Amino acid sequence: MTRALINAPKTARRGEIVEIRAMLAHPMETGFRTGTMGKAIPRDIINRFVCTWNGEEIFSADLFPAIAANPYLAFTAVATESGTIAFAWTGDDGETRTAETEITVT
Amino acid sequence: MTGRAPRLLVGLLAACLAGSSAPAGDMVDKRSGADFMSPENRAMQADDMSNPGMFAVLDGEQLWNRPEGANGRSCAGCHGEAATSMRGVAARYPAFDERSERPIDLAGRIGECRRTRQEASPLPHESPELIALTAYVAHQSRGMPISPPQDERLAPFRDNGRRLYERRIGQLDLSCASCHDARSGERLGGSVMPQGHPTAYPLYRLEWQAVGSLQRRLRNCMIGVRAEAFAFGAPEIVELELYLMERAAGLPLETPGVRP
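Chains as they are written, first to last, in the UniProt record's numbering: chain A, 1 to 106; chain B, 1 to 260.
Everything labelled a hint here was simulated from the structure, so no lab data went into it.
Note that the structure is predicted; figures quoted are calculated from it, not measured.
It is possible that some hints are incorrect.
[To be verified] Only some residues are given here: those of chain A computed to face chain B with a beta carbon under 8 Å:
| no. | residue |
| --- | --- |
| 1 | 3 |
| 2 | 5 |
| 3 | 21 |
| 4 | 23 |
| 5 | 25 |
| 6 | 64 |
| 7 | 66 |
| 8 | 68 |
| 9 | 70 |
We put the beta carbon where it would ideally sit given N, CA and C, even for glycine.
Chain B extracted, bound-state conformation (with noise of 0.2 Å):
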């Protein structure tokens, strides 16, 4: 191991100087994180009766109809059923929001539902409720091709994105580029690095052995490189997000997913 590390780095930052990140949309064979995967993760993903992912989208069903708040209404008390009213939401998120004028992610908008909405106490990151909730809405779009919205008020936040993307950051220097376009199909260690599309989220991962958010994931990438990673709900993680969508456009949602 020891003679090794260096000389990936080296490799990665040749590469960097080499200036070889794809541009947004234009990546040739895009592959969803998926295909980099274990047959045997593979199989666990595919099958809803081994996936862990599952009971995300169960409890979330769960909460769909569960009245909330000073207003008493369930989700489905607005929405009806999330198989019809929730279909292809998920593939256009982040998208704008009017009260603040700024991207929202998908998870950021059932928080918004509930707060304003139901009038029930918001419902903090990472929390298993708000996990499920985006998962069951996330997985009424499954199989749908991810297609961000065509709306100009997004391409400021969404140029900030890609600037995220392409800045190095951390201790180690390393941009998300560094690894996601310029390396991506090597080996980091144990773990292949994919070309870092968000398509399954949230998502169970193995190492977390839990449901995770987009956030939760682009937050340890950060952590990875020895750089301080944004809050969660940061206005940059959801730029990122919102820049990592567009790249990934056209890929197939998988909600729920599994990862190493």
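Just chain A, same shape as in the assembly (with noise of 0.2 Å):
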């Protein structure tokens, strides 16, 4: 289940800069640490982010194990035309969490 927040307008004019921010809930282990006795705790991060707009890529980022819990990016686009921004970050467990919001551009 994708546990993620999303803020991006709803409307923006043509030619319009809109800021899109989004975080998912996500620990980020970094696998350099341990738990109770000593036990390594296996790395579990994001390590992927893209981010389109009606299907093409407008933002992706690679994620490290030095970047905190719930990763929290923010970037902007040009509003070109109205439609599906989606949001897909993809772990370490191979399983690729998704999320969407539409705009209308006008």
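Could you fit the two chains together into a complex? Lean on the hints.
Structure below.
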């Protein structure tokens, strides 16, 4: 189950620069910590984030173990057309969590 | 660093000897811990889209509506909309519990409802489910002033909480008052010492990388002075919570807060 907070405008004017913010609930376990009895806690991080606008990639990032829990990314894009802004976070577990939001461009 | 730590402790001891702890409720210029934070951390708390504590609130909302236990009722099944039934509740906890004839804190009350009304397995202290439900219920009182109940039966417990607050503990021989009354606003290593008001719990602490309860915070402070911390749910820790809420009376609730 994806637990994400997405913040993007519902409407924008064509050509306007909009800010998009996305935060995913995730422990970002570094792999460098030890738990009870000194046993290493296996690494479990989100390593890739991709944002698309009507299927076209507008922003992506590789993430590493030094990034805090609940990775938060904010970036901007030029609003060109109405449609779907989609978000995908892929983790060490090989799973991809997704979320999306609609925007109307006038 | 070496020359500094002993001086800080000597200063703290001198402050304690001077007996400068302010009486409950009379503290001039009561300030939330949020006031002592960096602008970045304040901004993180202020925006629900960047406050990681909101995940706990959203999880809590789902749990509120989920049927549980032998009874098969959800919290909503009995309490309806939390926005109305739970509004203001967190601002007056801990409250007197008729069954145990002792104060009970909000998480304790939720645990009781789950155990006795839903007839479901108890939720362990600090479990994500209990933290989420507590955060969701407390969030319904965000912005409301802390208003401890005027219940005579609570008085002896609150007095004991105050005694615990003023008692020196641990290898460093410091009381809560040594730091939070005598030295608030000053630095302890990298952190600013707040006045120690429990205005924003459960909250997201950056050091924890997680949402935790007031009891977890209090245990951290006790371990910090190398004292043996009260166990989660111990009567003494609830009495401390009770006194702290009285001491913070009037400050608005912030749940879910963010703290360094």
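To see whether the hints hold, each was checked on the structure:
Hint on residue 3 (chain A) holds. Least Cβ distance to chain B is approximately 6 Å, under the 8 Å limit. The interface hint given for residue 5 (chain A) holds, since its Cβ lies 5 Å from the closest Cβ of chain B, which is under the 8 Å cut-off. At a threshold of 8 Å, the smallest CB-CB gap from residue 21 (chain A) to chain B is about 6 Å, leaving the interface hint in force. The interface hint given for residue 23 (chain A) holds, since its Cβ lies 7 Å from the closest Cβ of chain B, which is under the 8 Å cut-off.
For the restraint placing residue 25 (chain A) at the interface with chain B, the shortest Cβ-Cβ distance is roughly 4 Å, inside the 8 Å limit, so the hint holds. Evaluation of the residue 64 (chain A) hint against chain B yields a violated restraint, the C-beta minimum of about 16 Å exceeding 8 Å. Interface hint status for residue 66 (chain A): violated, as the beta-carbon distance to the closest one in chain B is roughly 12 Å, over 8 Å. Hint status for residue 68 (chain A) relative to chain B: holds, with the closest Cβ pair at about 6 Å, below 8 Å.
For residue 70 (chain A), the suggested interface contact is upheld, since its CB lies about 4 Å from the closest CB of chain B, less than 8 Å.
Comparing the model with each earlier hint shows violations of hints 6 and 7; every other hint is respected.
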